[in-house]
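Student: Those protein sequences? They're chains A and B, same order as listed. Everything in the first sequence is counted per my numbering, starting at 4 for the first residue and increasing by one. Everything in the second sequence is counted per my numbering, starting at 2 for the first residue and increasing by one.
There could be a bad hint or two in this list.
[Said to hold, decoys possible] Simulated crosslink set (SDA-like; lysine to any residue; CA at most 20 Å straight-line): (1) A/153 to B/93; (2) A/15 to B/78; (3) A/15 to B/93; (4) B/147 to A/140; (5) B/137 to A/23; (6) A/135 to B/120.
The hints are simulated quantities; they were obtained by calculation from the structure and are not laboratory data. Keep in mind that this is a model prediction, so the values were computed, not measured.
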Amino acid sequence: MRKKKWAEGFRKYLETEVQVEYKACLYFFAILFFYCCYLLFQGVYAARILYMAEMIFTTYLVGYVQICLLGNFDEGEHFGGREFLSAAGCTAVYTLVSYLCGWFDKRKDATAWFAAFLLFGYACLFLVNKIKRGADTKRLNELLTLYQDKGRMQSARAGLEEEDGKSD
Amino acid sequence: MKITMEQLAAGEEEIIIRYKRMDERIEALCRFIKGQEGRLMGSRVDSGGQLCLFFPGEVFYFESVDNAVYAYLEHEVYRIQESLVEITARCEGSGFLRCSRTMTINLDKIERLKSEPGSRISAFLSNGEAVMISRKYAKGLRAVLKRGRRENHA
């Protein structure tokens with residue numbers, strides 16, 4: 004019994020971990036894209052590995068906060084006030100870390116654009132997730148209809164066979 | 002008519018009807034016995050435990066509550082003797098699927114499905130009830146729907 008509980012707990016932890024890592028990768032690439040664009044505009048063609056490590060570490064931590072404390076708001080059904088505040092809070096954390104770590108050379112204008120980019124990213128991801136779920140719903144209902152139709156056909160066939168048996 | 006009953010220690014149960022002429026009485030008896038095949042028996046909850054027979058296809062879902070398993074039909078609720086695991090195994094071929102730790106649902110009674118955040122699925126039944134299927138069981142539902150209904154299970 005205790006072993007089963009432990010296995011269940013471990014399975015739940017792994018599920019959360021996979022979700023967090025998926026989210027961390029997604030936001031890391033978004034931040035890296037903005038960082039690379041910033042460097043390109045400066046005419047710099049080399050990115051700092053230390054900044055990338057800071058980015059992935061931050062996205063990993065914020066990923067845990069998003070899933071465990073903020074109800075995975077970017078995958079939510081609605082994007083209301085609570086979700087907007089959560090997105091704004093996470094954006095504030097990223098912006099603060101970027102400023103303190105000097106990802107954008109502590110430039111206020113670049114940091115402000117970064118914050119706007121993140122908020123836009125959250126909104127886009129919410130929409131992408133919603134569209135993805137809509138497509139999944141459509142596919143599920145198509146499969147369900149096929150499943151139910153096959154059941155009806157089988158019942159009808161069984162009824163016909165029974166009728167044939169009686170007439171014989 | 003003489004009725005002989007014999008208890009078996011093992012092997013498949015069998016009913017042998019010995020008749021001189023196939024008359025209406027024997028035919029009705031055959032129909033009755035055939036009609037009982039695959040039926041479930043349960044005590045009706047809202048009428049003092051009256052025993053009734055019903056087809057699995059009539060059931061919307063089975064639910065386990067405080068170690069008792071109930072079958073929910075359109076208007077009636079029956080308490081059945083089997084456990085949820087046993088009833089799920091018995092009715093699997095009739096389109097039933099375990100959808101949570103305490104519930105087994107009839108896929109033929111689902112009106113529509115809705116994909117929910119966190120890989121969960123909402124199932125809206127034709128009686129107006131909605132059931133949330135967790136990620137763990139949603140995986141099984143997706144697999145069953147993708148695989149399709151198996152042959153020879155009406």
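Student: Identify every previously stated hint that the structure contradicts and give their numbers, smallest first.
Tutor: 2, 3
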